[in-house]
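Residues per chain are reported as follows:
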Amino acid sequence: MLAIVLEATAKIGFMFALIMGLVPVLIWAERKGSAFIQDRTGPNRAGVLGIRLAGLIHPIADVIKLLAKEDVVPAMRHKFLYALAPMLVMIVAMSTYAVIPFGDYIMIGGEKIELIVADLEVGMLFVLAIASLGTYGVALGGWASNSKYTFLGSLRATASMISYEITMGLAIMGLFLIFGTFRLTDIVAGQGDLIWGWLPKWGIIVQPLGFLLFIASVYAETNRTPFDMSERDSEIVAGYHTEYSSLKFALFFMAEYAHMVVAAALIAVLFFGGYQIPWLPRPVLEANAGAMLTGGLIAGGIVLGIIAWAFFRRARREKGWYNDAREREPGFLGSVCVVLALVNLGALGLQPWAISELGASLYATFAQIGAFVIKVAFFSWLFIWVRWTVPSFRYDQVMRLGWQIMLPAGLVNLLVTALWVFAVHQP
Amino acid sequence: MEAFLFYFCGAVMLLGAIGVVIARSAVMGACSLILSFLGSAGLFAALSAPFLAVLQVLVYAGAIMVLFLFVIMMLEGPVMETETSRPKLWTTLMALVPAVIILAAVAIWLPAGRLPGFTSSVPEDFGQPMPVAAKLLGDYVFAFEIISVVMLVAMVGALALARSKRNQPWT
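Keeping their order, the protein sequence lines are chains A and B. Each residue of the first sequence is one higher than the one before, counting from 1 in the numbering used here. Each residue of the second sequence is one higher than the one before, counting from 1 in the numbering used here.
These aren't lab readings, by the way, just hints derived from the structure by calculation. The structure presented is a predicted model; accordingly, all values stated were derived computationally and were not measured. Hints may contain errors.
Said to hold, decoys possible - Here are the simulated SDA-like pairs of lysine to any residue, each with C-alpha atoms no more than 20 Å apart in a straight line:
#1 A:LYS148 <-> A:ASP233
#2 A:LYS79 <-> B:GLU76
#3 A:LYS79 <-> B:VAL20
Unchecked claim - Coverage of chain B stretches by chain A, computed from C-beta distances (three or more under 8 Å per stretch; other residues unrestricted):
#4 26-32
#5 48-56
#6 66-76
Beta carbons: idealized from backbone N, C-alpha and C, even for Gly.
All chains should be built: construct the whole structure from the sequences, respecting the hints.
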């Protein structure tokens, strides 16, 4: 019993840390990325003892600001629902992670532990069900604030979420047919195969149209540009969360990014093989663990050394630019890189080329978790990339696209997939 | 554990149902109904029927109630605290007396001090995707198809009725 509780706690803790760790990084990436795309500098002021990390300290300053801010509430609000809405949004954003596999398995004390919080038979349907509940936080929050802007924002959000939920479900039906299961672990395991011996059997390869439909409807579900009509500043101020401030606003804000992470994780799991590394299945990883680990440590040491050298060069060049604490930053970061490089090279003393079987298994697990995290980070970045490069749709365009183009396309995709699967399985 | 889950989900369902009846605003009523649906989904999950539980949330709590709420919000608008009159004594009595009578009847009918036990009368694979699909698309496929046709007709009919003018285009 205790072991089960500990196991579940550890897994939930990992998922929680992944989301809550990615949220501030994403907020930073949104600001810095938009600045890069629009040829600006972006945030670079907040710092601790001159260490600014190119704006990464700003999310910490944000948190302090939001915690310390006065909670301004509209007088004529619906008290209960007004307080409930931000919690609902956050709960929905967090609970989807329960069914997302973030790794294959890990061997601890001779026991095989699956790296997923709840391996449900109906995993993907659970995701859809939770996503459909996500509408309530937005709809009730906008309504309970008793303001025209929030109300319009929540009506728009509800309309787009209702419209695109159907397409989202249809888009992945083809995937269920091909892998023959709703269980996300089975879908990921199925994507480890190769077609014709060289092409990874990823979702995007077997269901290209399904992928396009899914990614578009996921963008609409998370209310991100180009489907951001529920919070368009020039029309309805900030949309459904206009009347929220302080921590309640922070919950909405964090939930948006948590939604992005879950959407990115879903895209990775359904269409990009989840934790699978292409052409490197787990047995190969385990067999070559020693060589890969040694090579990785040496390469890591060399790369970190080069980065440290670049930092030290910058420290020399910037001497006397600011005449304050900021001048310490490159030197400090360079020293950190040197220490890390030394740790890498020092780890070679542990003879990683002669790694034990258990160590090889652990190495394979962590390599796969790393692959999953990299994929999630990339698709989260894709959300930001799209937001700052693609113009957004008008309300009627969003509706027409959803009902008249994407829904029929999803139906056709499902029909073609069904016929193909039927032809393959019953000649 | 099973008994705890049953009573917990049952209590949630009952609370939701009572909320629907006594809610002042229609929006609160709809929210209570959602709570009630979530409770029934919990009951299905406790019966180890995850597919039915998820469908309950997806279809009733997620899709149908969102549309309900959408329509209520559209019609009611961002207005609240409209109803200020207290319920009269005799209306409260009219509601309470039958409720007490029914409760008393149930309490007398049940064997004293013992509630019905839990027996595993459902098959092992009850409510899994495969058996549900086999029932729907195998045993009852004719009824299933007929219902889809009825739904399609209803949809077209609703569209035809919703057109305000005769010559309006169909989009």
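Here is what the structure says about each hint:
| no. | hint | result |
| --- | --- | --- |
| 1 | A:LYS148 <-> A:ASP233 | holds, 14 Å |
| 2 | A:LYS79 <-> B:GLU76 | holds, 17 Å |
| 3 | A:LYS79 <-> B:VAL20 | holds, 18 Å |
| 4 | 26-32 | holds (count 3) |
| 5 | 48-56 | holds (count 4) |
| 6 | 66-76 | holds (count 6) |
Consistency with the previously given hints is maintained throughout, with no hint failing.
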